[in-house]
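Colleague: Listed below, chain by chain, are the residues.
Protein chains: 2
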Amino acid sequence: MPILVMKFGGTSVADLARIRAAAEKVRAEVARGHDVIVIVSAMAGRTNELVGWVNETSPMYDAREYDAVVSSGENVTAGLMALTLQEMDVPARSWQGWQVPIHTTSAHGAARIEGIDRAAIDAKFAEGFRVAVIAGFQGLSPEGRITTLGRGGSDTTAVAFAAAFDATRCDIYTDVDGIYTTDPRISAKARKLTRISFEEMLELASLGAKVLQTRSVELAMRYKVRLRVLSSFEDTDETSGTLVCDEDEIMESKVVSGVAHSRDEAKLTLVTVEDRPGIAAAIFGPLAEAGVNVDMIVQNISEQAQGEGAPREVTDMTFSCPTDQVGRARKALEAAQARGDIRFDALEVDTEVSKVSVVGIGMRSHAGVAARMFTALAAEGVNIKVIATSEIKISVLIDRRYMELAVQALHDAFELDKAD
Amino acid sequence: MPILVMKFGGTSVADLARIRAAAEKVRAEVARGHDVIVIVSAMAGRTNELVGWVNETSPMYDAREYDAVVSSGENVTAGLMALTLQEMDVPARSWQGWQVPIHTTSAHGAARIEGIDRAAIDAKFAEGFRVAVIAGFQGLSPEGRITTLGRGGSDTTAVAFAAAFDATRCDIYTDVDGIYTTDPRISAKARKLTRISFEEMLELASLGAKVLQTRSVELAMRYKVRLRVLSSFEDTDETSGTLVCDEDEIMESKVVSGVAHSRDEAKLTLVTVEDRPGIAAAIFGPLAEAGVNVDMIVQNISEQAQGEGAPREVTDMTFSCPTDQVGRARKALEAAQARGDIRFDALEVDTEVSKVSVVGIGMRSHAGVAARMFTALAAEGVNIKVIATSEIKISVLIDRRYMELAVQALHDAFELDKAD
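As you go down the protein sequences, you meet chains G and V in turn. For the first sequence, position 263 (counting from the first letter as 1) is numbered 258 according to the numbering used here, and the numbering increases by one without interruption. For the second sequence, position 3 (counting from the first letter as 1) is numbered -2 according to the numbering used here, and the numbering increases by one without interruption.
Some clues are possibly wrong.
Said to hold, decoys possible - Examples of chain V residues toward chain G, derived with CB under 7 Å: (1) E51; (2) D57; (3) E60; (4) E82; (5) A158.
As the list claims (entries may be wrong) - Stretch by stretch, here's where chain G covers chain V in the computed footprint (C-beta under 8 Å, at least three residues): (6) 41 to 50; (7) 91 to 99; (8) 208 to 214.
Simulated from the structure, these hints should not be mistaken for laboratory data. All residues carry an ideal CB built from backbone N, CA and C; glycine is no exception.
Take the sequences, apply the hints, and build the full model.
Modeller: Here it is as structure tokens:
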């Protein structure tokens, strides 16, 4: 029988009533002729409670024990989901990560799935069971310990099962009904996309559209697992939600698919930094070690430094990071200067910027997207502070007070409110 | 190194502060030179919450899924206990039942331990770990599913580990500081026992002194595991609590060690029941099938029935059971009469009785205990309704309103307030 993977996140299994609603959706797919693998998260709030206990017990906790404690939330949901399905006369059985087993690396708290044993679950399907309920977010290390995959890891569990079982599709049920052209809270014209490519979804996920975990999209792209994002809070059918798929499945695509934003960005500029081979490594090495997530980087052209001493090449180096990492970044850079690893005249910090990006695979074959973007922003009087581009994305840093205006202007400029 | 088993029940690990207090006791034993195996229950209230969810989801639940859900409470405590010990610089590691593994039967919800693999834990002790924290109450079935041992099963887990690892002792930490000569809420003269034999403890456990699960005492007796019951809420040392041990370890024992009581008993009498071979089976078979826990049974001598028809032998048959099982008992007996399996003139029910018992291994070698007991009760005007005896116990059913008075009178009569 064709196998479908269905994943329900924490708000979709928040209590027994929500678990029943989710189980109804599973039953409907069984009735349509699927064998179903259901991946469940912990009931909303449970994982936070467990993590809180671990942190209170041991601030520098042993990750092996963290994983043993925190994984219990998903185990509870898995058993309750199986019981709920049985009550609906759907033959179901639950599995914890070690039971399948889901083999992972030993990187406790951030393990990677290395393989999934199909045998035991295949045998149950052959016996007449119609649903295997899997506790998400967890696995088994080579040492026989429980591992967890990191926050949002249940999405990754779902995609890994879809790949291992050659599932027809992997449906991610969540509290939104799909992927939008932009954040509907910012633009009333935001429109739900019917389809989006893996590449675009990856750019959107890393740009702050927090619907899918980036790793799960990467995995889906690698194994060509068709992902569907849809709401567990609404009636749904075969056409609901947004399909994340290979671009071959997307007939005629717009040049730009979506406008993303990231509100709390900071722009840091090292003024008159000595320019020599290895200077970028000398700057960004310490930042990485300090856990600063550097995003955009811009280096101006070099010039001769004015002033005393031997002539030297200098430049300004600008980069962005989340505002809450500015303190760490400043400390790391000042320490590097104190050690004599880098030299700069000043560190200018602007914590009042936001990032706005347009994303679309159509950019590959269409010129003029950047020009159209900059024109639209200029027409609204929005000054661009930093620009960064990739093959399918253009991002700009702007003053935070213009963020909503910029998103709306770009949404209009690329006519994203009109159907594909 | 000598191995000590320490078990902490639900109230002893009710929150993070209680877990720390328990961990302090473990650390003290490590400092005394023990390698320690710690058995933990779920945090107080957690198991009830999980059981409630299962019952609400599926009143006739699949016991395999019940076990998968309910066992998660102990897993959380085990991880938190290991983290707490690590914070105290005690090398500790947690183990869930399937990890050890603890092999059990497949009787989900009431599984029996069949064996414990020492290898993995021995290896950790050899590596320098000083404490193995084990999630109590659970195990692994031959089919690779999680099993639970039934309520109070963590005591059984503790004794099984003590037997498997030849532990010097198995300390059961709970919310009382030992085994008393009688219930201190009934008699202010109740005195804590320093030692008590397995046999006496078994009689007391089944008579309503709810400190230790009966199965765990049976297991301790079979494998000669020295059990100690003591409080996790007080400072304790090597002499605290009550030692439950082989009678060889008890030098000079009193004739009677304790007075037990069971408040909510009912007395049922089948009046003028036909007396023939097999009649007891015809009565008590259906009661057992209906889940009635029949305790005491008394059959009067037979006599010729008066009245019409062929002469027949008749008798009165009296038995006791918990009051909340009277409805079930009545239904089962009336159904048996309706089927013609038994014949009786009336079923008399007295739900206002209690059971009071004296227990002591000294009875084996001392005559006159029954006479002394009955004299003491008669002196207080307490009428005895039913008597039952075993080798080390005499129980009587009496009117419930006399229960406290009877307990106090017997405690005085056997001088239980005086030190052993």
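Colleague: For each hint, tell me whether it holds in the structure or not.
Modeller: Right, here's what the structure says about each hint:
no.	hint	verdict
1	E51	6 Å, holds
2	D57	6 Å, holds
3	E60	5 Å, holds
4	E82	5 Å, holds
5	A158	24 Å, violated
6	41 to 50	holds (count 3)
7	91 to 99	holds (count 3)
8	208 to 214	violated (count 0)
Against the hints set out earlier in the document, violations occur for numbers 5, 8.
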